[in-house]
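> Assemble the complex: chain A is given as a structure, and chain B must be docked to it using the hints.
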Amino acid sequence: MFKKNYTTIFFICLIATISFFVESAHCRTEYDYIDINNPFIRKIPIAIPLFNSMSGGEKEKFLSEEASNLLSKSLEFTGYFKIIDRDAYLVDPEKPDIVVSNINFKNWTGIGAELLITGGLFLKDNIIEMELRLYDTFKGLLIVGKRYKGVVNNQRKMIHRFCGEIIYKLTGNRGIFDSKIAFVSTSSGYKNIYLCEFDGHNSEQLTYNKAITFSPAWSSDAKWIAYTSYSKGKPDLYIKNLKDKHGAIVAKKGINITPAWVPGKFSLAATLSFSGDSEIYLLTGTGKIIKKLTNNWGIDVSPTFSPDGDKMAFVSSRSGSPQIYIMDLDAGQVKRLTFQGRYNTCPNWSPMGDKIAYAGMGNGQINIYTIDVEGESPALQLTHDSGNNESPTWSPDGSLIAFSSTREGPCRIYVMTAYGTDQRCLLALPGEQTDPEWSP
Amino acid sequence: MKKKLWICLSLLLVIPGLMIVTSCTKKTVKADLAQTQEDEAAKLAAEKAKQAKQEEIARQRALDEKRRQEEAARSKIIAARNLFVNENVYFDFDMSNLKSEAQEVLKRKAEWLRNNPGESIIIEGHCDERGTNEYNLALGDRRAQSAKNFLIDLGIAESYLTTISYGEERPADPQHNEKAWSKNRRDHFIIE
Chain A
1 MFKKNYTTIF FICLIATISF FVESAHCRTE YDYIDINNPF IRKIPIAIPL FNSMSGGEKE
61 KFLSEEASNL LSKSLEFTGY FKIIDRDAYL VDPEKPDIVV SNINFKNWTG IGAELLITGG
121 LFLKDNIIEM ELRLYDTFKG LLIVGKRYKG VVNNQRKMIH RFCGEIIYKL TGNRGIFDSK
181 IAFVSTSSGY KNIYLCEFDG HNSEQLTYNK AITFSPAWSS DAKWIAYTSY SKGKPDLYIK
241 NLKDKHGAIV AKKGINITPA WVPGKFSLAA TLSFSGDSEI YLLTGTGKII KKLTNNWGID
301 VSPTFSPDGD KMAFVSSRSG SPQIYIMDLD AGQVKRLTFQ GRYNTCPNWS PMGDKIAYAG
361 MGNGQINIYT IDVEGESPAL QLTHDSGNNE SPTWSPDGSL IAFSSTREGP CRIYVMTAYG
421 TDQRCLLALP GEQTDPEWSP
Chain B
1001 MKKKLWICLS LLLVIPGLMI VTSCTKKTVK ADLAQTQEDE AAKLAAEKAK QAKQEEIARQ
1061 RALDEKRRQE EAARSKIIAA RNLFVNENVY FDFDMSNLKS EAQEVLKRKA EWLRNNPGES
1121 IIIEGHCDER GTNEYNLALG DRRAQSAKNF LIDLGIAESY LTTISYGEER PADPQHNEKA
1181 WSKNRRDHFI IE
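Taken in order, these protein sequences are the chains called A and B. When the letters of the first sequence are read in order and numbered with the working numbering, they come out as residues 1 to 440. When the letters of the second sequence are read in order and numbered with the working numbering, they come out as residues 1001 to 1192.
One chain only, chain A, in its complex shape (with noise of 0.2 Å):
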């Protein structure tokens, strides 16, 4: 997850992370806290009182409020925990006992918290030092300890970044915390490419056409995005370097939609209709025709590989409906995967591989569904009587999927976990927001 450029390279030597108890390091998988089979059946009750003020200023208290209440809800929102109210603490939650040697674990494991969170805070010329330490209540063992410095503007990176150590010991895997999401609004008056961070903050406005945009698609180094535009009067295929802005266009006559592209590659596929009839191509990063993927009449669309790039799942309307279908592209094979329902769209591979999520239409209405790639067991359907849902596309780590609803009115994006548990708005800008992307 550390592979991804940090907007500062500046905030990368002001963060000193310093792992300071050696003994977190061989408890690494000896914890067997959450099910990665179901791991939101069961949510792991922890504990995180306030952070300490080391000197007691106003505003380091300030700070402290923000940095544990921002640590609460970033775990929560990985659907994990279950974060226990701070008025249920039998010790004052304004001056918890932060070190293993002075906390009564009793305390913690008498309110059902199983994990326990203490952070020490100390602010000096604007530079933050933060001392965070998560504990195994009922063992009494520290699991994880770090220290990070930095200036007051990244203490959200850092509470981050912790939040990635916690999920990383706990699970294996670092986690969503540095990633991304882009999406489309129409907040300018127009449909443009927005990117904002895991959890809906930060938003930011990408594209500034004057024209319909929109499907964005993330490289697996993260550092290019494929769209759509009308820029030039027809939905043109655009792949630009999100440093530089430079990049490439697709514009052959027709449809040059759906980008998706090859894991770990700079290349893509992407629905090219220049022949009279859309199909799925492979593409170079710098929009050359590589080879045709389909050769079907009718339509093929909506592009996603597997995570090994081995096998692409797309749509197809080969059999009269659109369906998804999963082409093994070394031979070439096509296997139809949905037989559920006449309209099933939107394929998004999980990056753990097993899955492909996607939206069918069942009774006038879309909801969004998860299916094994073996195709053995039946889809399981994660929205229920909740308008229209649209575009799932899953987190780096598979926990969760964002995906477009309309059920407030509105089409905005809401993330839910991966089994359709705890399902949330993720942001509200003005206007409509659809197709959301996630990031490696």
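Keep in mind that the hints were calculated from the coordinates and are not lab data. All of these numbers come straight from a predicted model, not from anything done at the bench. It cannot be assumed that every hint is accurate.
[What the hints assert, rightly or not] Cut-off 30 Å, straight-line C-alpha distance, at most; resulting in silico cross-link-like pairs (DSBU-like, lysine-lysine):
1) Lys253(A) to Lys1183(B)
2) Lys232(A) to Lys1183(B)
3) Lys106(A) to Lys124(A)
4) Lys253(A) to Lys1107(B)
5) Lys210(A) to Lys245(A)
6) Lys291(A) to Lys243(A)
7) Lys223(A) to Lys149(A)
8) Lys82(A) to Lys124(A)
9) Lys252(A) to Lys288(A)
10) Lys139(A) to Lys210(A)
11) Lys1183(B) to Lys1099(B)
12) Lys149(A) to Lys232(A)
13) Lys169(A) to Lys232(A)
14) Lys1107(B) to Lys210(A)
15) Lys139(A) to Lys106(A)
16) Lys1050(B) to Lys253(A)
17) Lys252(A) to Lys1107(B)
18) Lys232(A) to Lys253(A)
[Unchecked claim] Quick partial rundown of chain A residues pointing at chain B, CB under 7 Å, derived from the structure:
19) Lys232
20) Ser278
21) Ser302
[To be verified] Where chain A lies over chain B, by a calculated footprint (3+ residues, C-beta under 8 Å):
22) 1130-1144
23) 1151-1164
Glycine is no exception: its CB is placed at the ideal position from the N, C-alpha and C atoms.
Leaving out everything else, chain B in the frame of chain A:
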């Protein structure tokens, strides 16, 4: 002698008198002639003027008639053009095949294109809001393509036909019911 004098005297009086009379008579005749000539000229002029006026009226009438005809022709052309632009081709849900009404509409479009050689058109493919954006873009493309292929089969050169899909982005009727949806599943035609 006296008699002779009288005669002479009377002659003296009569001759100039006669002379006066004759000269006077001559003058009257001359004046009469001039009058007649003047009358004739005026008559001629009047006739000419009348004729000119009539000719002018006729000319105006012809012009009016021509203008009317041109206008009629122009409005016929405009009507044909408007019909071409306003008459959409409609589709069933999730379908891109041309129904028989759609084919009749397209035959009229082909006729117009034949009557207006050199005109290029854009065929816009649209979908209703149901279904997903991505698939609808491909479906809109397919709908525009269906009409294009049909027009090509009717002898229209491909070079005059461009297609563009808007998917569900530009509904004709923004309401959320079957009546609106059936209006939105369409090919719309634009003259470039």
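> Hints first: check each against the structure and report whether it holds.
Okay, the hints, checked on the actual structure:
1. Lys253(A) to Lys1183(B): holds, 26 Å
2. Lys232(A) to Lys1183(B): holds, 27 Å
3. Lys106(A) to Lys124(A): violated, 34 Å
4. Lys253(A) to Lys1107(B): holds, 25 Å
5. Lys210(A) to Lys245(A): holds, 18 Å
6. Lys291(A) to Lys243(A): holds, 28 Å
7. Lys223(A) to Lys149(A): holds, 27 Å
8. Lys82(A) to Lys124(A): Since the Cα atoms of Lys82(A) and Lys124(A) sit roughly 33 Å apart, the hinted pair is violated (cutoff 30 Å).
9. Lys252(A) to Lys288(A): Given pair Lys252(A), Lys288(A) holds - Cα atoms ~11 Å apart, limit 30 Å.
10. Lys139(A) to Lys210(A): Violated. Lys139(A) to Lys210(A) sits at ~59 Å, over the 30 Å cutoff.
11. Lys1183(B) to Lys1099(B): Holds. Lys1183(B) to Lys1099(B) sits at ~15 Å (cutoff 30 Å).
12. Lys149(A) to Lys232(A): violated, 48 Å
13. Lys169(A) to Lys232(A): violated, 49 Å
14. Lys1107(B) to Lys210(A): Roughly 36 Å between the alpha carbons, so the hint for Lys1107(B) and Lys210(A) is violated.
15. Lys139(A) to Lys106(A): holds, 11 Å
16. Lys1050(B) to Lys253(A): Distance of about 68 Å is beyond 30 Å: violated.
17. Lys252(A) to Lys1107(B): holds, 29 Å
18. Lys232(A) to Lys253(A): Status holds; Cα separation ~12 Å.
19. Lys232: violated, 11 Å
20. Ser278: holds, 5 Å
21. Ser302: holds, 5 Å
22. 1130-1144: holds (count 11)
23. 1151-1164: holds (count 3)
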